[in-house]
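J.: The lines below spell out each chain.
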Amino acid sequence: MNIPKGLNDLLPGEVLKRRLLENRISKIFTQWGYQEIITPTFEFYEILAKGAGSIMKKEMIKFFDREGNIIAFRPEITTSIARVASTKMQLEPKPSRLYYIGNVFRYDDKVGNQREFCQAGVELIGVNSKEADAEVIALAVESLKNSGLRKFFIDIGHINLFNGIMQSIKVKEERKQEIKDVILNKNFVLLEKILSIEDIKAKEKEYILKMPTLRGKEEVLEEAEKIIDNQLSAAALKEIKEVYHLLRDYGLEEYILIDLGIIRDFDYYTGIIFEGYTDYMGFPICGGGRYDNLCSKFGEDLPSTGFAIGIERLATTLEKEDANSLKLGRLNKYLVYYQNNTTYFKNALITAEKLRKKGLIVELEIGKRKYDKVLSYARLKGIKYILIIADHQSDKINRIEVISGKKEMINL
Amino acid sequence: MSIENNTNYLVIALPSGILLKPSIQLFEGIGIDLKGGKEISRKLTFFDQGEEIKFVITRPKDNPTYVECGAADIGIVGEDVLLEEKKDVYRLIDLKFGKCKMVLAAPEGREQEKCCKNNGHRLRVATKYPHIAGDYFKEKGIYVELIKLYGSVELAPQVGLADMIVDIVSTGGTLKENKLTIIEEIIPLSAQLIVNRISYKTKHERITRLIQDIKKFVSLESGKIAE
Chain A
-6 MNIPKGLNDL LPGEVLKRRL LENRISKIFT QWGYQEIITP TFEFYEILAK
44 GAGSIMKKEM IKFFDREGNI IAFRPEITTS IARVASTKMQ LEPKPSRLYY
94 IGNVFRYDDK VGNQREFCQA GVELIGVNSK EADAEVIALA VESLKNSGLR
144 KFFIDIGHIN LFNGIMQSIK VKEERKQEIK DVILNKNFVL LEKILSIEDI
194 KAKEKEYILK MPTLRGKEEV LEEAEKIIDN QLSAAALKEI KEVYHLLRDY
244 GLEEYILIDL GIIRDFDYYT GIIFEGYTDY MGFPICGGGR YDNLCSKFGE
294 DLPSTGFAIG IERLATTLEK EDANSLKLGR LNKYLVYYQN NTTYFKNALI
344 TAEKLRKKGL IVELEIGKRK YDKVLSYARL KGIKYILIIA DHQSDKINRI
394 EVISGKKEMI NL
Chain B
4 MSIENNTNYL VIALPSGILL KPSIQLFEGI GIDLKGGKEI SRKLTFFDQG
54 EEIKFVITRP KDNPTYVECG AADIGIVGED VLLEEKKDVY RLIDLKFGKC
104 KMVLAAPEGR EQEKCCKNNG HRLRVATKYP HIAGDYFKEK GIYVELIKLY
154 GSVELAPQVG LADMIVDIVS TGGTLKENKL TIIEEIIPLS AQLIVNRISY
204 KTKHERITRL IQDIKKFVSL ESGKIAE
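Respectively, the protein sequence lines represent chains A and B.
All letters in the first sequence, in the order written, are residues -6 to 405 by our numbering.
All letters in the second sequence, in the order written, are residues 4 to 230 by our numbering.
These are calculated hints, taken from the structure and not from any lab test.
A hint or two may mislead.
Simulated crosslink set (DSS-like; lysine-lysine; CA at most 30 Å straight-line) [as the list claims (entries may be wrong)]:
no. : chain 1 : residue 1 : chain 2 : residue 2
1   : B       : Lys104    : A       : Lys198
2   : B       : Lys104    : A       : Lys173
3   : B       : Lys99     : A       : Lys196
4   : B       : Lys219    : A       : Lys196
Since the structure is predicted, the reported quantities are computational estimates derived from the model, not experimental observations.
With the hints as extra help, turn the sequences into a complete structure.
T.: Below, the structure is given as structure tokens:
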């Protein structure tokens, strides 16, 4: 009785933690004015492919529907939201602030990765400003903080740091693609080899090789200024600086690092990009950036930015940081037990209902079991009190504390 | 995995097998005393107080897995492993040792008729590297049947399991013993230093310092060989 590879059942205890984490995050999203949106779990492949790089396209899980269309499970949710924003919400006043929490699907078989996993994220649609970039980064910090995470960094970079140098170096187009690919694959051994055989200026070589190593506070910008030799990259650097200063105004400096080596999908992002890291996870726990060209693929020119948090990765990190960070304060659970007499049944129902109205969790014994059986069941299920109904209609009821066995007459 | 809970020291994963000795020499070469690696192989983990570095030894093929999920910050791995199984790690230094090549080889005397021509019967190729071999033949536009083996690939043509093999060769001795000749060299390979993508950021300074030392050592060593 198996389930397919890469999928998971979440049992009640895990679901409690999951919902707790989701609530912590969605609360912050909501407070910042973001509204939840739900899009379909699967869509036409050609729609989802508009927002997918070559790797993502391969990782999509596809099938044919009855009409013969190619359908894919969403590998991320931003593309679906861009579609909705461009086709159903284009008349809404801008900016649109939207958030989502939902499962996404990929044939991603890296160790520890699942084929179905949960993302929570926001999209800020219709504004191209530094303030918009800073807002989503600040929101990423706040939602991670509010999730309970203590130590983490958000690295900010810019897609044009590399695009700029790629435009200015004089090598063949296919060679450029090759260079982008090796950078995307983080293969600096091969990068060095390619750069050494190509006719590229020494300064440009230095820039390409040094860029991925520049990470830190503001001093990084000064170092980068010294080696940057093209307008596009210089403009990107200026944008990073401005966004960094805005984040300082937010008071979030301690969480932010400038990182000129962030590498994300070149075909998708158009501006500021960022990723979140912690000591306890070998993968980023969140990532995002500016994507000004996606909505125009659906017919509306809507510059946008956003991010997604990997919920499973965040949950794992939280529990590594502090095993209790996703523990709920326990609600006392009650079990109403009536002796095997159908005339007591009605009183049991009334009692249960009274307690539920008070906001308590109440189970009703339905197995007509002997009392000792019920007691051991209650113990295993973590039920705090058993109420014994031995009367037709009394407000006074025997309450037994399961662990201690202490008996008490209570008045409801 | 108790290692990953301790985030203060650097975890370096060394591969067992033929790359172990040069890997140990590499770290001793930059001044980390591993006492010839004796302690590592006994205890499996080793903690050098002064440098706050912990060494572990992994199976060669498992090495990039440790690094990819962050159980180790740094690893050393043969390029063949990285080519066969794509891993999301930084590949930072060509260590210039463990040099070998991936080749296509066939039994002596039969190389002509079998030279990548598919005349009627579908070629069978035995290999430990189905992805590398698959990509190679796909690029050539030749349809072959790949037989995945876990070792002693050179045996396959002798007993008729396969017509040819794709395997790594360092000196060529094993091929000769088994009367196999190289038809084509697919790609030259050597050991590489890999780093976890998050560690490279969170432990950036220490890793960069280490990398600079290693690069210096590697270019010095390869200079010696050139002389």
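J.: Would you mind marking each hint as holding or not holding in the structure?
T.: Now the hints, each set against the structure:
no. : hint                : result
1   : Lys104/B - Lys198/A : holds (28 Å)
2   : Lys104/B - Lys173/A : holds (26 Å)
3   : Lys99/B - Lys196/A  : holds (26 Å)
4   : Lys219/B - Lys196/A : holds (21 Å)
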